[in-house]
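Peer 1: Here the structure of chain X is known, so what remains is to put chain W in place on it, guided by the hints.
Residues per chain, in single letters:
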Amino acid sequence: MVIELIVRISSGIPGLDELMGDGGGSFVDNTVTLIYGPPKVGKSIFSYQFAYEGLRNDEPCLYISTDYGLKDMERNIANFGWNLDEYIDNETFYLIDAISTIAGVEVESKPNYFLASVHNPTDIMVKLGMAIRQITSKASRFRSVLDSLTTLMAFNDEVLIVRVFTVYIMRIKESGGTAIVTYTEGSASCKVENMLKAIVDNIIHLDGENLTIEAMIGGGKIKAHYDITREGIIVD
Amino acid sequence: MFMKDQEVKVLEDLLEDVAPGDLILVHGPPKVGKSIFCYQFLYSGLEGGEPCLYIVADYGSRQLEQRMMEFNWFLRPYIQSGDVYIIDLLTRLAGVKVEDSVTLRFSSVQNLTDLMVKVGVGTRSLFRKSSKFRSVLDSLTMMFAFNPPSLVLRLVKAYKTRISEARGIGVVVHTIGTVEPSIETSLMDLADLKLCFDGEKIQIESSAGRRSAQYTITDNGIEFWGIK
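Chain order of the listed sequences is X and W.
So for the first sequence, the UniProt record's numbering puts the first residue at 1; every next one is plus one.
So for the second sequence, the UniProt record's numbering puts the first residue at 1; every next one is plus one.
If we strip away everything but chain W, and leave its shape as in the complex, we get:
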């Protein structure tokens, strides 16, 4: 239950242990708010002047804009200003004709090599723009449906290296139970910080130790409180 007397924390309080170059693994079962966390991470970065590379892998860029609008987070101005660089992996599957723009690139969930090329171009362009930037890969679920798990794992390693070299902060989302446990263990090992969502509580695990907080999804995004 939401306790009114406890201070609601913002995302930044949760992420105080995060340093540039870190990879954050956001994991948990389906429909607990992992993607909403990503939108919030993206949007708070943009509002604070940090550009962002966003890889949409479970739906298209149009759906990303729609979903964010439900929280009154409007992405369009940032797409136009070039502060957000989107790589869209699914829209082409719909068979619609789409064309790349400077900050919106269409790739395919079945072609991880092309994705890595685009991640390279994207990180370079953001790195030139700002010394601080964020990156989100949401999520690995469809990648696991379309590729061998070992290949997806290699992609995550390459992604981590790219983001880390450019001193960005990277987020990767994984839905627990969509791949063999051995691959999940390897994913956990790659992360500098792990955020586990279960629908009520979030567990934060890093080299600095473990913390936890309660959370609720509201019209304004995820609200955290009671950080321990």
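Chain X on its own, in the form it takes in the complex:
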């Protein structure tokens, strides 16, 4: 008898789970996936879908947002007909908002809402530790999104962000999380881009038309067409 040791979790992207493994989920549990490509091809939308799929299935989500504050995120997500309120209220959605403080936006205090700054990646990691402790006291597995590495690199030394990212990966993995991380192709040096690709487990490239799985634990390379619709990304 062959024991299936690989547990896959659902991506929340219609068509992707079927493409990757008989509909049994896409991402191997407890791994980190890099979603990269040029600007405006759906990387953030991919992240919302991944997070929302978890929330709908009672998996907490720890979201680090460097481009959108809570209000903007709620609005972006509402555009696709999804509602975050319930998950903010029941404290399964945890947000580390690294942009509102520099944008000067007033925000109300909630236990699952952490303010940090893109200028201070060390503080983001401190907040990550606090959020993980809260999440793991309630759930043994969770999802995490870091959107995006590019913004962190724009405000800090690139190699410093590689180190911070390594800490992020280790913390997520040691506490039972499964993460996706977005990065805009070509925004860092080749050296740093190679490092990023080396330290993640899985790599998915989006180019506006096609989704290419460049690397995936327990799977080979796959390319498929996708569309961004009013229900989010759909893979053919």
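Be a bit skeptical, because a hint or two may be false.
Said to hold, decoys possible - Below, simulated SDA-like cross-link-like pairs (lysine to any residue); rule was C-alpha separation at most 20 Å, straight line:
no., chain 1, residue 1, chain 2, residue 2
1, W, K97, X, G218
2, X, K221, X, W82
3, W, K31, X, N194
4, X, K191, W, P148
5, W, K201, X, I234
6, W, K160, W, L15
7, X, K221, W, R67
8, X, K221, W, E184
9, W, K31, X, G219
10, W, K31, X, I203
11, W, K201, W, E180
12, W, K194, W, A19
13, W, K132, W, D114
14, X, K191, W, E180
15, W, K132, W, L151
16, X, K221, X, I234
17, X, K127, W, K97
18, X, K191, W, W225
19, W, K97, X, G129
20, X, K127, W, L15
21, W, K97, X, Q134
22, X, K191, W, L151
23, W, K129, W, G48
24, W, K31, X, K138
25, X, K191, W, P181
26, X, K191, W, E184
27, X, K221, W, K97
28, X, K221, W, E200
29, X, K221, W, F71
Unchecked claim - Only some residues are given here: those of chain X computed to face chain W with a beta carbon under 10 Å:
no., residue
30, K127
31, G129
32, E174
33, C190
34, M195
35, K197
36, I203
Said to hold, decoys possible - Computed list of chain X residues with no C-beta within reach of chain W, every gap over 12 Å:
no., residue
37, D29
38, D67
39, I77
40, A224
Derived from the structure by calculation, the hints contain no laboratory data.
We put the beta carbon where it would ideally sit given N, CA and C, even for glycine.
Peer 2: For chain W alone, kept in the frame of chain X given last:
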């Protein structure tokens, strides 16, 4: 494409030129199977009775066990028997409390001096256990992110000396393009044998000449065929 009529070669056929004391540099772009090669090198050694010193530098020892399990290679019994000696450089970064055991040592990717001390202790302990042993350093990528490249290069030299003195076979993994070309050239110069992976083909380069083979990553690890 995989040709069924060609004999699938095992790792040992590829490494026939390797002698005790040699350093093998495994290099190539990200995600072509370099780490899987290391797991296979480790596991085939353990199954053949050769103990192994394994330095995990890009993730933690728990992830090493998980990743190997995907190929049905179970490390736990060998950790318990002391046949594998692991130095874990990243788990402490996660902020989790960990304690050293006899064969699992936690160090830090930012403290290469401490790593060398632990490599010394590890090689001595394996050398006493067996006249033949293997060692893997997977990989230099995170070391380059956390340290000056020249320091990492010095570490590789020291590592080579240690393994060579103890007559082990050492492997070092490097992801191409994660450091300046001049440092990559120096790394190549240190190696007795170079294995270059590109996703489809592996090139083997040593003083005995060059060879190449095709490879595929399967559920059983890397399968090689068509060695030329």
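Peer 1: Each of the hints needs a verdict: does it hold here or not?
Peer 2: To see whether the hints hold, each was checked on the structure:
Simply put, K97 (chain W) and G218 (chain X) have alpha-carbon atoms about 30 Å apart, too far for the 20 Å limit, and the pair is violated. The suggested pairing of K221 (chain X) with W82 (chain X) is violated, with an alpha-carbon distance near 31 Å, which exceeds 20 Å. Restraint check for K31 (chain W) and N194 (chain X): the C-alpha separation of about 10 Å stays at or below 20 Å, so the hint holds. With a C-alpha separation of about 14 Å, the suggested pair K191 (chain X) and P148 (chain W) falls inside the 20 Å cut-off, and the hint holds.
Only pairs whose Cα atoms come within 20 Å are accepted, and K201 (chain W) paired with I234 (chain X) is rejected, the gap being roughly 35 Å. Pair hint K160 (chain W) plus L15 (chain W) holds up; C-alpha atoms about 18 Å apart against a cutoff of 20 Å. Among the hinted pairs, K221 (chain X) with R67 (chain W) is consistent with the structure: their alpha-carbon atoms are about 19 Å apart, no more than 20 Å. Only pairs whose Cα atoms come within 20 Å are accepted, and K221 (chain X) paired with E184 (chain W) is rejected, the gap being roughly 28 Å.
Annotation: proposed proximity of K31 (chain W) to G219 (chain X) holds, straight-line Cα distance about 12 Å (limit 20 Å). At most 20 Å may separate the alpha-carbon atoms for a hinted pair to count; K31 (chain W) and I203 (chain X) meet this at roughly 9 Å. For the proposed pair K201 (chain W) and E180 (chain W), the alpha carbon gap of about 24 Å is over 20 Å, so the pair is violated. Of the pairs offered as hints, the one joining K194 (chain W) and A19 (chain W) holds, with about 13 Å between alpha carbons and a cut-off of 20 Å not exceeded.
Of the pairs offered as hints, the one joining K132 (chain W) and D114 (chain W) is violated, with about 25 Å between alpha carbons and a cut-off of 20 Å exceeded. Under the criterion of a C-alpha separation no larger than 20 Å, the hint pairing K191 (chain X) with E180 (chain W) is consistent with the structure, at around 8 Å. Restraint check for K132 (chain W) and L151 (chain W): not satisfied, since their Cα atoms lie roughly 29 Å apart, outside the 20 Å limit. For the suggested pair K221 (chain X) and I234 (chain X), the alpha carbons sit about 19 Å apart, so the restraint of at most 20 Å is met.
Distance hint between K127 (chain X) and K97 (chain W) is fulfilled; the C-alpha atoms sit about 18 Å from each other, no more than 20 Å. The hinted pair formed by K191 (chain X) and W225 (chain W) fails the criterion: a straight-line CA distance of about 32 Å is larger than 20 Å. Pair hint K97 (chain W) plus G129 (chain X) holds up; C-alpha atoms about 13 Å apart against a cutoff of 20 Å. The straight-line distance between the Cα atoms of K127 (chain X) and L15 (chain W) is roughly 48 Å, outside the 20 Å bound, and the hint therefore fails.
Using a Cα cut-off of 20 Å, the hinted pair K97 (chain W) and Q134 (chain X) holds, with the two alpha carbons roughly 17 Å apart. Restraint check for K191 (chain X) and L151 (chain W): satisfied, since their Cα atoms lie roughly 18 Å apart, inside the 20 Å limit. Annotation: proposed proximity of K129 (chain W) to G48 (chain W) holds, straight-line Cα distance about 14 Å (limit 20 Å). In summary, the hint linking K31 (chain W) to K138 (chain X) is not supported, as the alpha carbons are separated by about 34 Å, beyond the 20 Å threshold.
As the CA atoms of K191 (chain X) and P181 (chain W) are separated by approximately 11 Å, the hinted pair is consistent with the 20 Å bound. The hinted pair formed by K191 (chain X) and E184 (chain W) meets the criterion: a straight-line CA distance of about 12 Å does not exceed 20 Å. Proximity of K221 (chain X) to K97 (chain W) is assessed by CA-CA distance (about 37 Å); at most 20 Å being required, the pair is judged violated. Distance check on the hinted pair: K221 (chain X) and E200 (chain W) sit about 12 Å apart at the alpha-carbon level, within 20 Å; holds.
A distance of roughly 18 Å separates the Cα atoms of K221 (chain X) and F71 (chain W); the hinted pair therefore holds under the 20 Å criterion. At a threshold of 10 Å, the smallest CB-CB gap from K127 (chain X) to chain W is about 13 Å, leaving the interface hint violated. The closest approach between the C-beta of G129 (chain X) and any C-beta of chain W is roughly 6 Å, which is under the 10 Å cut-off, so the hint is satisfied. Taking 10 Å as the C-beta contact cut-off toward chain W, the hint placing E174 (chain X) at the interface holds, the least distance being around 4 Å.
Because the beta carbon of C190 (chain X) sits about 6 Å from the nearest beta carbon in chain W, less than 10 Å, this interface hint is met. Nearest Cβ of chain W to the Cβ of M195 (chain X): about 5 Å, under the 10 Å cut. The hint holds. Evaluation of the K197 (chain X) hint against chain W yields a held restraint, the C-beta minimum of about 4 Å falling below 10 Å. The interface hint given for I203 (chain X) is met, as the beta carbon of that residue sits about 6 Å from the closest beta carbon of chain W, less than 10 Å.
Not every C-beta of chain W lies more than 12 Å from that of D29 (chain X), the closest at about 10 Å, which undercuts listing it as non-interface. Distance to chain W confirms D67 (chain X) as a non-interface residue, since its nearest Cβ pair spans about 24 Å, more than 12 Å. With a least CB separation of 30 Å from chain W, I77 (chain X) remains clear of the 12 Å interface cut-off, as annotated. Annotated as non-interface, A224 (chain X) keeps its C-beta farther than 12 Å from every C-beta of chain W; the closest such distance is 19 Å.
Hints 1, 2, 5, 8, 11, 13, 15, 18, 20, 24, 27, 30, 37, counting from the list given before, are not met by this structure.
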